[in-house]
Structures are given as structure tokens and as C-alpha cells.
Amino acid sequence: MSDFTVSSSLTRRLGARIWSSRVDYLFLVPGMLIFGAFILYPIFAAEYFSLLNWSGFDANAKFVGLANYVELLRDPFFWNAFGRSFLFTLSTVPAQMIISLIIAIILNNKLLKLSALFRTMIFLPVVTPVAVIGIVMTIMLSPFNGPINMAILDIGLLSRPLDFLGDPDLVLWTLAAIYVWKWVGVTMVYWLAALQTVPAELYEACKLDGVKGWQVTLYVIMPMIMPFAIVIALISAISALNVFPLIMSMTQGGPYFASEVMEVYIFRYAFATAGAIPRLGYASAAGVFFGLAIMSLTILQVLAVRHLRNREKPHAA
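For the sequence shown, full-length UniProt numbering assigns the number 1 to the initial residue and increments by one for each residue that follows.
Rather than coming from a laboratory, the hints here were simulated on the basis of the structure. From a predicted model like this one, the values you see are computed outputs, not experimental measurements. Keep in mind that the hints are not guaranteed to be accurate.
Derived Cβ-Cβ restraints for the label pairs, each shown as a range [said to hold, decoys possible]:
hint, residue 1, residue 2, range
1, 29, 140, 46 to 52 Å
2, 58, 230, 44 to 50 Å
3, 167, 77, 15 to 21 Å
4, 35, 157, 49 to 55 Å
5, 167, 44, 30 to 36 Å
6, 73, 23, 50 to 56 Å
Backbone N, C-alpha and C define an ideal beta-carbon position, used for all residues, glycine too.
Sequences are here, hints too, so could you generate the full structure?
Quick look at the structure:
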């Protein structure tokens with residue numbers, strides 16, 4: 001039998017299988033239309049807009065090729081925002097992961113009473129709207145009559161109040177701390193799910209072998225849940241790069257651009273805050289560049305998980 005005959009036979013079988021399941025495929029159409037309209041179209045539209053000199057609010061769009069990208073790479077404010085986004089990520093993700101891991105290990109102990117209540121309390125900021133958190137924390141951190149500054153002064157830790165959101169040297173770290181506090185509950189849930197994969201027999205075996213306390217965590221639990229750590233870290237990193245709502249509700253990128261991350265930078269050019277002329281083409285170029293950076297992180301996630309699985313296979317065999 002020739003290759004052509006075999007290929008034709010496989011094609012006919014595939015076509016017959018698709019035709020027999022045609023009703024099932026029809027159910028996929030609404031989802032595919034939504035995916036195309038809200039995911040694929042914005043991606044390709046942003047790439048096209050990035051090649052235009054266009055405000056986005058009129059018909060005077062001029063094709064300029066890669067000029068927006070060249071200007072972008074020469075803009076020090078762009079590089080400052082780009083670096084600040086990754087600095088924010090590098091400062092929040094490790095803190096978020098370590099704090100949530102400690103909390104998850106404590107709350108995973110079945111002997112702990114009121115564990116469900118503590119889990120709910122820690123998860124509460126996650127379900128609280130970012131705008132509400134932004135307003136409340138702005139009031140609490142006020143250098144004039146904010147409760148946090150009042151407490152610091154009352155205990156004599158400092159002689160004058162700190163301007164957490166008005167000091168360029170403090171603002172990014174303040175936002176990072178608030179971000180960690182808000183999202184540590186989500187990471188805790190990830191860790192709790194990872195801890196559930198540890199067989200209960202291992203804990204019994206540790207008791208029989210005389211392994212107790214932190215030794216169980218360090219030598220038994222941690223090696224087993226490490227493959228989850230990479231996935232959790234990269235999910236948290238991608239989340240930390242999307243911190244736009246928190247910053248806009250608290251500082252809008254100020255003071256003096258000290259808290260301007262990439263999303264705020266893109267927003268500033270796309271919608272022309274402070275009375276400037278909108279530049280949707282330039283903002284699209286910044287968005288495409290930033291999207292490629294996030295995509296690189298996603299690819300790293302896939303490669304890291306695949307590498308870990310390949311390392312586990314010989315042991316499993």
C-alpha cells in the first residue's frame with residue numbers, strides 16, 4: 001500500500017470522526033467566538049496599532065513602522081517603569097511565597113483549633129475590592145492623622161511621621177507590602193493544595209522513625225512539594241506584574257513617577273493623563289513589549305515544570 005493511499009485513508013477516517021461528532025463541536029463555537037473577540041483580536045490589534053502614529057480618537061492614523069519601538073527603547077521613563085515592574089515582582093513574590101508557606105504549614109496542622117476561621121481571615125483581603133483596599137490603606141497610612149503613623153509615634157519608634165505614599169524612596173515598598181498582604185491568601189491556598197498531596201502515611205512513618213517538628217517539614221514535606229513551588233512562583237510573578245488597580249487607586253504612579261510601573265506607563269500614554277495628547281500607537285508598542293516579557297515568563301514556567309518532571313521520571317521508574 002502506497003503512502004498516498006494510507007494518507008487518504010487516515011484523512012477519510014478523521015473526517016468521518018469529526019462529522020460524527022459535529023454536534024459536540026457546535027458547542028465549542030460560542031467559546032471560540034468569545035476567545036477570538038476578547039483575546040485574539042486585542043492581541044493582533046495592539047500589534048497593528050503599535051506600528052501607527054495614532055491618538056486613537058481620530059481617523060488620522062499614519063503608518064510609521066517600528067518608529068514607536070525605537071522611541072520606546074530611547075525613553076528613560078519606559079526603562080524606569082519596566083525595571084520598577086520587575087523590581088516590584090522580585091520584592092513581592094519571595095515574601096509572598098515564604099509568608100504564605102509558613103501560614104499554610106501551620107494551618108495544615110489538624111491539631112490546630114479554629115484553623116478554618118484563620119484561613120478565612122487570611123483570605124478575606126483577597127475578596128475585598130482593590131479600590132476599597134486602596135482607599136482604606138491611604139487613610140491608614142496618612143502622615144497627618146493615619147492610625148499607623150499615630151501608633152509608630154505613640155510607641156516612640158520614630159520622632160516624626162512617615163509619608164509612606166508621598167516619599168519617593170518609600171512608596172514602592174509600601175505598595176509592595178500592601179500587595180503581599182492582599183494576595184498572600186491566594187498563595188496560601190496554593191500551598192495548602194500542595195500539602196494535601198503529601199500522603200498521611202509519611203507523617204506516620206516520621207513518627208515511627210522519631211522525626212519530629214521542623215525536621216518533618218524540612219526533610220519530608222519540602223522536597224515533595226518543591227515541584228509546586230515553581231508553578232506557584234511563576235503564577236505569583238505574572239500576577240505581580242499586573243498591579244495596575246492597586247497603584248491607580250493609591251498613587252497613580254506618583255510621587256514623581258516613583259511608583260509608575262509598566263501598566264501605569266501604558267495607561268498614561270494611551271489615555272493621556274495630565275492633559276497630554278493621547279498616543280495609542282506608542283502605548284500599544286509599550287504593551288506589546290511588556291506582553292512579550294510576560295510571555296517569556298510563561299515559557300520559563302513550562303520549561304521549568306518539564307525539566308522537573310523529567311528529573312522525577314528516573315526515580316519514579
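Results of checking the hints against the structure:
1. 29 to 140: 46 to 52 Å: Taking Cβ atoms as reference, residue 29 and residue 140 lie about 49 Å apart, which means the hint holds.
2. 58 to 230: 44 to 50 Å: holds (47 Å)
3. 167 to 77: 15 to 21 Å: Roughly 20 Å apart at Cβ, these two residues keep to the hinted range, so it holds.
4. 35 to 157: 49 to 55 Å: holds (53 Å)
5. 167 to 44: 30 to 36 Å: violated (42 Å)
6. 73 to 23: 50 to 56 Å: holds (51 Å)
Checked against the numbered hints listed earlier, the structure breaks hint 5 alone; every other hint is satisfied.
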